[in-house]
Amino acid sequence: MRLAQPLQALIDQLLKLPSIGPKSAQRLAMFILRLPDEEARQLAISIIDAKKKVFPCPTCGYLTDVNPCMICTDQRRDNTLLCIAEEVTDVMAIERTGFNGRYFVLNQDFNLLKGNDIDDIDVKSLQERIVNGGIQEVVLALNPDIDGEVLSRYLASIIAKKGVKVTRLAHGLPVGGDIEFTDEITLKKAIEGRKEF
Amino acid sequence: MKLKKINISNFRNISQLEYTAAPGLNVLMGDNAQGKTNILEAIYVLANGSSFRTNNDRLMVQYEKKCFHLKGTHQTENRVISTEVEYCLTNGKQIKINSKKTNQNNQNRLRVVVFTPDDLYLVKGSPSRRRNYIDYILKEVSNEYRLLVDNYYKILRKRNEVLKKNPINDRTYNLLNELFIEYSAKIITARINFINLLDSLVAKNFGQMNQEGAIKIKYALSFPVQDGKVNYKNLSDNLIKYVEENKENEVRRKSTLVGPHLDDINIYLNNKPARLFASQGQQRNIAVSLKISEVHAFKELSDYYPVFLLDEVLAEFDDQRKSRLIEQISSSEYQSFLTSVVNDMISSFGSKISLVRNGEVEGNN
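In the order they appear, the protein sequences are chains A and B. 454 is the number of the first residue of the first sequence in my numbering; add one for each residue after it. 31 is the number of the first residue of the second sequence in my numbering; add one for each residue after it.
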């Protein structure tokens, strides 16, 4: 079946998006075609705008449209506490917790199976940040998998050389969870990491 | 733990079958190609969600049918648990325990230990078979060990990837190596503790079945350990040293040349390596002893017996050993299922005997 060329072009573009298959792409294209002109224009403009104006903050790596970003200029935050995250989306998650320190986002892929090396990780700006920023504690918030563990150990050794305290996120029970239904490995970690009441 | 009843439908050559099990020895008798092993396989799948004969679930669906369905109830010390496993060619597998959807690692599932004719290779086959043998039971009794081994293999793949680079990145290598050594030493410590337990069980068990001959099993490390003490600290110290000394070799071969994935279990009969010196019949004896000991080790580690499945265990045994083995199995506390050809003269042991013919069971109940 032949589609009108502009419609086919739109479907092909939508197909490039993650987790969108041919049928979803077609459905989205049809949805866009049925939109009022103004809304369709807004969608297109938003894409172009976001692409043009959003960039990683040179200080912390969080996505921003002003330099430095909102988090870096926020005066109420604790300047002595720095959280290192792998991705911007991790910061978004941590922000929802009301964490009140500063951030450093690595924004770099690190997968040993894909042939990445630890030296691919650019730590120069992190080192400068720690030396210049009056930071007293660094929280490592990397994913608890093998790559995350390797990276955590590497960063911890670098930061410790600067004489700064290094902590990492705890493993343990989900809040609102049920001890009875927690798998034994998580529960064991929680018992090992118990705190004084 | 005892299986009370199993319903099998559209599984291999079995269209529809209900089998009510006796608490002790259950004998499935029949000519070749009648479906004896298929019943054992069904029990195994009910317990583990997958088969010991194939990795391809599609092969277990009866010819020209769409789904197989297994339903069983088993009794633990204080409760009755029902399990359902359904596999459809179109929408895959579903496991339910007590009517709730779950996965194959559920704590409440049925536990089995299986002996297959292939287990003869436990003694003379490749080391991977012996490693799988101890890993199977350690994973069954400890999810922590399961995670440890899964992560170890992830680390190993990454380590090999790092070694493939030319030149290798020393910083990446060192960091990953730290993890590699930690996981290796933990796995080896767990395995050696288990082998020590198993060794005493096998020695006792082999003695019961065979008048003569003493058996000994030892964990064989892929690196030397000074002063012989095996604990986490000493193992990791020695491993660190060995890896350091052999780094050049590993870099040249671009692969990890030491670690629990290369360790072995040595089996000795009268102080001689059984792999080389034991006869075919003795090797079979040892394999059976190892499996029976696995059942007992299970009890030691987890406080209950698994169900023991024995496929064609009697073939190749002389009459005396046959009757000794059956006597031992039928008088033990655990439940067992044994397949056998018709004239294996088992009848004298007061167990439940059923005739399997063309995918159906005669003389049930």
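FYI, nobody ran anything at the bench for these hints, they're computed from the structure. None of the values given here were measured: they were computed from a predicted structure. Just so you know, even glycine gets a beta-carbon here, dropped at the ideal spot from N, CA and C. It cannot be assumed that every hint is accurate.
For the chain B half of the interface with chain A, some residues (derived, Cβ under 8 angstroms), not all of them [unchecked claim]:
{"#": "1", "residue": "L177"}
{"#": "2", "residue": "N181"}
{"#": "3", "residue": "K184"}
{"#": "4", "residue": "I185"}
{"#": "5", "residue": "E191"}
{"#": "6", "residue": "L209"}
{"#": "7", "residue": "I211"}
{"#": "8", "residue": "R305"}
{"#": "9", "residue": "S309"}
Just some of the chain A residues that point at chain B, by a computed CB distance under 7 angstroms [said to hold, decoys possible]:
{"#": "10", "residue": "F563"}
{"#": "11", "residue": "L566"}
{"#": "12", "residue": "I632"}
{"#": "13", "residue": "E637"}
Determine which of the earlier numbered hints do not hold for this structure and return their numbers in increasing order. Of the numbered hints, 7, 8, 9, 10 and 12 do not hold.
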